[in-house]
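Peer 1: Chain residues, written in single-letter form:
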Amino acid sequence: MLITWWYLYLTARSFVEQSLKMASILQKLITPLFSGPPEPPRNKVTVVGVGQVGMACAVSILLRELADELALVDVMEDKLKGEMMDLQHGSLFLKTPKIVADKDYSVTANSRIVVVTAGVRQQEGESRLNLVQRNVNIFKHIVPQIVRYSPDCIIIVVSNPVDVLTYVTWKLSGLPKHRVIGSGTNLDSARFRFLMADKLGIHPSSFNGWILGEHGDTSVPVWSGTNVAGVNLQLLNPNIGTDCDDENWKETHKMVVDSAYEVIKLKGYTNWAIGLSVADLTESLIRNMNRIHPVSTMVKDMYGISEEVYLSLPCVLNSGGVASVVNMNLTDDEVAQLQASANTLWDIQKDLQSV
Amino acid sequence: MSSVLQKLISPLAGGAAEPPRNKVTVVGVGQVGMACAVSILLRDLCDELALVDVMEDRLKGEMMDLQHGSLFLKTSKIVADKDYAVTANSRLVVVTAGVRQQEGESRLNLVQRNVNVFKSIIPQIIKYSPNCTLIVVSNPVDVLTYVTWKLSGLPKHRVIGSGTNLDSARFRYLMAERLGIHASSFSGWVLGEHGDTSVPVWSGANVAGVNLQKLNPEIGTDADKEQWKATHKAVVDSAYEVIKLKGYTNWAIGLSVADLTESIIKNLSRVHPVSTMVKDMYGIGEEVFLSLPCILNNSGVSSVVNMTLTDAEVAQLKKSADTLWGIQKDLKDI
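Chains as they are written, first to last, in this note's numbering: chain A, 1 to 355; chain B, 1 to 334.
Since the hints were derived computationally from the structure, they do not count as laboratory data.
Each hint should be verified, as a subset may be incorrect.
Stated by the list, open to error - Far from chain A by the CB rule (all over 12 Å, computed), these chain B residues: (1) V54; (2) V99; (3) S152; (4) H157; (5) K266; (6) E287; (7) I295; (8) S302; (9) V304.
What the hints assert, rightly or not - Below, simulated DSSO-like cross-link-like pairs (lysine-lysine); rule was C-alpha separation at most 30 Å, straight line: (10) K150/B x K82/B; (11) K77/B x K265/A; (12) K95/A x K266/B; (13) K28/A x K150/B; (14) K103/A x K150/B.
Positions of the beta carbon are idealized from the N, C-alpha and C atoms, including for glycine.
Model the full assembly from the supplied sequences, consistent with the hints where possible.
Peer 2: Set out below in structure tokens:
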């Protein structure tokens, strides 16, 4: 009897020793407290398109610590996987614990924000409007997939021509207009503020100036609103922005319009500034900040515009998307310019196939 | 007829603008250089950023693109020129210039090509920033850090190779993923050569102080059932794999360089595995640069942490040193 118990004891002990030896480091090191499926992400951002612009957006968003999960999507599988791995290898230095990528949109599920940078880009000397139909066809594949997996998301459209493509995205998505935003003149305004501030020897954040309307050749600098510390520049120089201005401030807006062409000519594309500006918008949306940004929104019935076009106006952005639009005091001339942009854009939009 | 500027702003302090206090230069505006630049900018580490390259159009385009983002940044001056005068008074100079590994090419093959490039770069850097600290990133980084040290005439604590800072970051990420924790909670060091013969110090790997080798004495060996050694192999293969998939690597190295920059600029005295001059350590008799845990602060490498390495690990370091010296002794004119 004693011997049986003794043998039983020995067997039990050896069994325990065996299983201890067989336990992995993970099992020995870590004792789970809570079992169950991991929680879904609360601040997931997807970037569609891992070209130079998409990756600049991704890196800016990561370095600003805006997302708890980042998803990348593209059709070029090797490049996509390479970019995902390169970002993952930087995880030690980041606060976004989950970075995923796939050509299948299921990887984007439950995103709060989806940044669309996919499509073809401007060649040297090519205007944004020339890209249209090529990019519409791409969007017909992309947008329904995005909405299928993240029906409550906010979409930021970056691909050019951004105003037209934001309209296209809105139509294809079926989302309410406040959840489809074009990156619009957020970048133009940033460039404007940089160039103007540089002439005045101050930081761009201390120069107030808005560029509205089309993100492109016909953007509208609202000279009547430009100010530093509340001091209105047009009051100091009533000719500002006109052709009879001795100081030729108009030249600065022209430089903004030419910026993209110039950078493209020099380095082949632009990416850093647009990436930073998209992260700026993302921050307002994710953090529910109610900051005002010049972004492309649906402007029908404003400023005498009767068509469904997207143009940049100062929009209050929060976690619901475009909460409201600020009503500008525009001069008749500025309103006329907006209307002219609207007409140009509608001209293009009305001819688009199957949107 | 006063201008808007004159009406708007009344200067108080006359005189020349103050020189920068935390200027960083990045030499080379390829994918790696720009990833370093953007990571440094987004971490708000410098008050002035200078870019240098030989390709003038690309250089100007990159500078403009960064400047256009100024509204969103806290680095008020971003300059660029092919003339090194633009780099004057830098605290830190990050060297990414040179040719990069082609698909399947080992880092050591790049050597002589890059030595020649460095001969035109390094003296110029020193001429304009005689008190700077240099971080060498270009590959093969350990050899090129040695070359930089020789060409610069700087004391050895001011010349650092990015070394295995990136390998260790990848190691910590991959190991941590297997354990379901964040990379920063996994402590593990990869030392020695930044490349195929890097040394994972398994004896030091730990989580919350719990030593992994004590939990699994076979960790890192071929006999290990859990095959943890494969994780180090994945680190060594990482760069080749990413290069095969996207043509180059840049984000991870950019982030790791910004991490080193932060320790130096902010005088943090954090410990990083970076490439430093290791003659007379671990029985190494030659002037080679290998990665060891270094304390980084505003003097550069202020000290080196003495690791307790196993005989096998010391032997691996010595072997790396021999391989590197084998290449270095044949280099011309440095």
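Peer 1: So, for every hint listed, does it hold in this structure?
Peer 2: Here is what the structure says about each hint:
Once the 12 Å rule is applied to beta carbons, V54/B is consistent with being away from chain A; the minimum gap is 14 Å. Every CB of chain A lies more than 12 Å from the CB of V99/B, the least distance being 19 Å, so the non-interface label holds. Once the 12 Å rule is applied to beta carbons, S152/B is consistent with being away from chain A; the minimum gap is 28 Å. Chain A leaves H157/B outside its interface by the beta-carbon criterion, the shortest separation being 24 Å against a cut-off of 12 Å.
Residue-level check passed: K266/B sits 15 Å from the nearest beta carbon of chain A, beyond 12 Å. For E287/B, the shortest C-beta to C-beta distance to chain A comes to about 31 Å, beyond the 12 Å cut-off, and the non-interface label holds. Once the 12 Å rule is applied to beta carbons, I295/B is consistent with being away from chain A; the minimum gap is 19 Å. Residue placement check: S302/B keeps its beta carbon more than 12 Å from all beta carbons of chain A (closest about 22 Å).
Every CB of chain A is more than 12 Å from the CB of V304/B (nearest about 21 Å), matching its label as outside the interface. Straight-line distance between C-alpha atoms of K150/B and K82/B comes to about 23 Å, which keeps the hinted pair within the 30 Å bound. At roughly 23 Å between alpha-carbon atoms, K77/B and K265/A fall within 30 Å of each other, so this suggested pair holds. Between K95/A and K266/B the alpha-carbon distance is near 20 Å, which keeps this suggested pair within the 30 Å criterion.
This hinted pair does not check out: K28/A and K150/B have alpha carbons roughly 49 Å apart, beyond 30 Å. For the hint pairing K103/A with K150/B, the CA-to-CA distance comes to about 48 Å; that exceeds 30 Å, so the pair is violated.
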